[in-house]
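Starting from the known structure of chain D, arrange chain W with the ligands on it as the hints suggest.
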Amino acid sequence: MTPKVTVNIDGANIKTARGSSVLDAALEHGTCIPHLCRVPYIESIGACRLCIVEHVVNGWSKVTTSCTLLVQEGMVILSNTEKIRKLRRNVAELLVSQAPNSRAIQDIAVRCGVKEVRYPFRNSECVLCGRCVQLCPGTFGVKAIGFVGRGKDRRVESPFDIRSELCNECGSCTDLCPMTVVPCDGPMKTGEEYLCRNCESKMAFAEEQGICISCDFGEGFQCERSPQNF
Amino acid sequence: MTKINTVKDLKALRKRLLKERKKIRATLVLCGGTGCQASRCQDVTDAVKNELAKQGLKRSVCVRTTGCHGFCEQGPLMVIEPGNIFYCHILPDDAHEIVTKTILDGEVVERLLYTDPVSGKLIQTESEIPFYRAQDRYLLAQNRQVDPCSIEDYIAIGGYSAFTKALFEIPPESVVREIKDSGLRGRGGGGFPTGRKWAECQKAPGDEKYVICNADEGDPGAYMDRCLLEGNPHLVLEGMMIGAWAIGAQQGYVYVRNEYPLAVKHARMAVDQARKIGLLSDKILGSSFSFDIDIARGGGSFVCGESTALMASLEGKVGEPRPKDVHTVVDGLWHKPTTLNNVETWANVPSIILNGSSWFASKGSKGSKGTKILALTGHIKNTGLVEVAMDTTINTVVFDIGGGGSNGNSIKAVQTGGPSGGCLPADKFDLPVDFDVLAKAGSMVGSGGMVVMDQETCMVDVAKYFLTFLQDESCGKCVPCRMGIDRMLEIITDITEGNGTSWQIGLLEELGSTVSQTALCGLGKTAANPVLSTLRYFRDEYEAHIHAKKCPAGVCQALVTYKVDAEKCTCCGICKRGCPHGAIVGKKKQVHAINLDLCQKCGICKSECDFEAIQVK
Ligand SMILES: Cc1cc2nc3c(=O)[nH]c(=O)nc-3n(C[C@H](O)[C@H](O)[C@H](O)COP(=O)(O)O)c2cc1C
Ligand code: SF4
Ligand code: SF4
Ligand code: FES
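Which chain is which? The protein sequence lines are D and W, in order.
Heads up, the first sequence is in the numbering used here, so the first residue is 1 and it goes up one at a time.
Heads up, the second sequence is in the numbering used here, so the first residue is 1001 and it goes up one at a time.
The hints are simulated quantities; they were obtained by calculation from the structure and are not laboratory data.
Note that the structure is predicted; figures quoted are calculated from it, not measured.
Ideal Cβ positions, reconstructed from N, Cα and C, are used throughout, including at glycine.
Do not rely on the hints blindly, as some may be mistaken.
Stretch by stretch, here's where chain D covers chain W in the computed footprint (C-beta under 8 Å, at least three residues) [unchecked claim]: (1) 1125 to 1131; (2) 1482 to 1495; (3) 1508 to 1518; (4) 1560 to 1573.
Excised from the complex, chain D in its bound form:
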């Protein structure tokens, strides 16, 4: 058996396996921390920054991502403070302004409490969460897809822009891509994007309390606690 450690998340003492991340520990215990780029059982890259929490050390709190933070004995974590909710909302607003056409991203925005989007919408085809790259098993451990380019030119590509010989057609990449979940009302036309907020009533409780209610949003962002994904 793996040794256990006790961490305190939002006031609850949780016993969890050494080596697991704070995000995993929280989800396991039923505390909802929104997340996007993390893929279960694969080392997190910390790219989406939605899973941020406050890590309190000697009275000082530090904002950090819970998917990359490993549990340690006696650790104190706050996942649902005013500060965190605001930061998370702002990050989710950036995301949804870039990809209003994704149901998963719309779900995340609503889950994170985004009420309005203050930037002009853009219809990107990819939010660069990196889930596909993370998941791609490739051939002999060499991935068929990867990130290329830097900054605003960053994109996911297979080498030389053609379907790579390393691709074994497993389909993992599209299965878990947040852009492949079709929005309820179908894709939005350019210039007519909006924040859908259709399912808002479902989450009033989750945002305030930070408790997992096995919500439907989880399907959108492939939360493994979501009933559809169980």
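Same frame as chain D, now just chain W with the ligands:
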């Protein structure tokens, strides 16, 4: 080069070198840094050497080509010892006169002397030049004493005695204690206490450890690390050797920016020499300590200077930052404990060991000890590399060293700390270049960039410039940095084009603070600084762009109009002939006027007019 096997050998070698040097009657110190090379200093050196040979002075006069002296805009430059005579803008043809007059007759060649732009006076010696006088040059001064390609030069001035002192007289724990007590903080940007970093790395479990020197220097306009590594590579190596001894590392790396070929060459040469002479080897000088250093070339992007990206790049992976929930002093290069320090940080180490921590701590302010090298540029009279104690005020740097505004313009602000630093207004110039003070004021010391800006600078445009740089350099991995910078730039572009609205100021502030708090690495965490600091001190300029649709400095093209000042116009007609768009009307003896419908705001008329009659408002 003979190998040395003991400390005694090293001391004997130093004694011999010093004795040889006594025979020399004069030394011509020529700067051979990248800046002076650009102004063809090599030709000057060759001409001087030829001339000395011709006159039979080859043996008694020493010509030393050294690293950068910091006053690059005056290059090629030369200092003659004894006498400390300073010549600037030298041409190869001057060699004959210099040798016959100055060396043989002891006379000064007046036309090669430096003229102080403030007083207009000729100045004879280097130490009297205001640019140098107000500085506290400790590290930079050493550049003048050594030929960077000669380990003998370095050993002659006492080089490697700090390392041997540490190796044989000071146990690792005490070395760390000494560095801690000195108060040395990282010169690469963060200002992290070096001693604390070393202590954590020393304590970290594992036998295999690394030290790395960060010479990736990607800040536009910064070149202090280049100057040190190019000009005095052995000093940096000695610092690393002491660090390696303290934390227990067997291997070191110098990670040099790809665009620095001369620094790479000199660092490689220095490592080779240190190996040959026996200072980098197994069981160095008969001790139990083994250590070696390799030179690696940078990955070619700004973000590669970030600690985790640098280590990824050294491992042969893509140079991209990763989360640092476990510090690199425990989990660094190849997951081993690693101490990464900046070039200038390492260069400070030997003198601390040699002179003691209290010597170092006697300079600077309460929280920021020692000196800092600044890259002074912008709208001032003297630009170059400047080294000052860390309690020196910005006023001293800008006015005493920099000589104040060029063209007599008044100075509005300084931007400190590189692209992700902040802008401070002139009424904050009484602040010292101190890590904590500048951070509190919304800027930072950073790696030491200092750009002086006069009244003709638009601060919104400045923020836009730095955001554009950071957008290009962001790796794009994390959402707040990639999308946040993009959106901030979108808003600022709106503002500079006259499409801004007042609520966008609040949004900029909120977004900036979100990016700072949530981004993955230091680039994103500091990317909002140029925006936040200009909003803090120059909010009125943002408001003028938004409400009055005016750019007060007359920089943002969309918001300015060109007009002829009727009082100044002499009706010469040059502007009319120059305007490629046919936008200027006027006849002989008639004040000219600009047709705003046709004007493309190219600015050609303004540069053509000899009477400053074209106004931009
Ligand atoms: C985007 C980015 C670029 C950086 N570039 C450099 C650099 O070019 N040189 C450097 O010494 N430090 C750079 N740093 C700081 C390093 O991450 C690191 O803190 C430093 O090298 C540690 O050395 P010090 O404590 O001696 O300053 C950079 C940091 C960031 C976030
Ligand atoms: S199912 Fe919904 S409430 Fe539960 S953890 Fe996932 S997103 Fe949060
Ligand atoms: S903050 Fe910017 S540079 Fe750093 S990891 Fe994120 S995207 Fe890359
Ligand atoms: S889930 Fe942690 S950063 Fe994306």
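Cross-check of the supplied hints:
1. With 0 residues bearing a CB less than 8 Å from a CB of chain D, the segment 1125 to 1131 of chain W misses the requirement of three and the coverage assertion fails.
2. Residue count for the segment 1482 to 1495 of chain W with a Cβ under 8 Å from a Cβ of chain D: 6. That meets the three needed, and the coverage hint holds.
3. Given a C-beta distance limit of less than 8 Å, the hint that chain D covers the segment 1508 to 1518 of chain W holds, as 5 residues qualify and 3 suffice.
4. By the rule of at least three residues with a Cβ nearer than 8 Å to a Cβ of chain D, the coverage given for the segment 1560 to 1573 of chain W is violated, with 0 such residues.
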